[in-house]
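All chains, please: the whole structure from these sequences, using the hints.
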Amino acid sequence: MTGSIRTRLAAALGTLALAAGGAVIAAPAAHATPASCANYLAGSNPARNTSVGDLACAVGGLGLPKPGPGTLCNALLTKAAAISATRSDSACTMAGN
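In mature numbering (1 follows the signal peptide of the UniProt record, and there is no 0), the protein residues as written are -32 to -1, 1 to 65.
Hints listed in this document are in silico derivations from the structure and should not be mistaken for laboratory results. Keep in mind that this is a model prediction, so the values were computed, not measured. Check each hint, because a few of them may be wrong.
Stated by the list, open to error - Taking CB as the label site, the calculated pair distances span:
id: 1; residue 1: 1; residue 2: 39; range: 11 to 21 Å
id: 2; residue 1: -26; residue 2: 7; range: 36 to 46 Å
id: 3; residue 1: 55; residue 2: -25; range: 44 to 54 Å
id: 4; residue 1: 3; residue 2: 43; range: 17 to 27 Å
id: 5; residue 1: 19; residue 2: 54; range: 16 to 26 Å
id: 6; residue 1: 18; residue 2: -25; range: 18 to 28 Å
id: 7; residue 1: 47; residue 2: 1; range: 47 to 57 Å
id: 8; residue 1: -27; residue 2: 52; range: 17 to 27 Å
id: 9; residue 1: 54; residue 2: -29; range: 46 to 56 Å
id: 10; residue 1: 3; residue 2: -26; range: 39 to 49 Å
id: 11; residue 1: 7; residue 2: 31; range: 15 to 25 Å
Cβ coordinates follow ideal geometry from the N, Cα and C atoms, glycine included.
Laid out in structure tokens, this is it:
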């Protein structure tokens, strides 16, 4: 009988761990903010110009209709902060754009 309790407990804990892991993976996409954009940029290059990156992330997070803020966010990151276009697109998406 103890074998079946251990099996049930292991299955319950495994299911809980999978559910929690799925929530953690889905959470960043559900809560795009300028802070997540800035953290993404800081993780990619700790020596980056934080003022330009933070400004670009703030512009990207304004929630204004496209193409305005998305274009400006990308332009600031690629031109002023010298970040690649791929990373810029990802960061601006994380900002909520």
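Do the hints match the structure? See the list:
For residue 1 and residue 39, the Cβ-Cβ distance of about 20 Å falls inside the hinted range of 11 to 21 Å, so the restraint holds. Between residue -26 and residue 7, the C-beta spacing of about 41 Å keeps the proposed range 36 to 46 Å intact. Between residue 55 and residue -25 the CB atoms are about 46 Å apart, so this pair conforms to the stated range of 44 to 54 Å. A beta carbon spacing of about 21 Å between residue 3 and residue 43 agrees with the range 17 to 27 Å that was offered as a hint.
Remark: the range hint 16 to 26 Å for residue 19 to residue 54 is upheld by a beta-carbon distance near 22 Å. The hinted range of 18 to 28 Å is not satisfied by residue 18 and residue -25, whose Cβ atoms lie roughly 51 Å apart. For residue 47 and residue 1, the Cβ-Cβ distance of about 23 Å falls outside the hinted range of 47 to 57 Å, so the restraint is violated. Judged by the Cβ atoms, the range 17 to 27 Å given for residue -27 and residue 52 is violated: they are separated by roughly 51 Å.
Against the hinted window of 46 to 56 Å, the Cβ-Cβ separation of residue 54 and residue -29 comes to about 51 Å, which satisfies the hint. Here the CB-CB span from residue 3 to residue -26 is close to 43 Å, well matched to the stated 39 to 49 Å. Between residue 7 and residue 31 the beta carbons are some 19 Å apart, a value that agrees with the proposed interval 15 to 25 Å.
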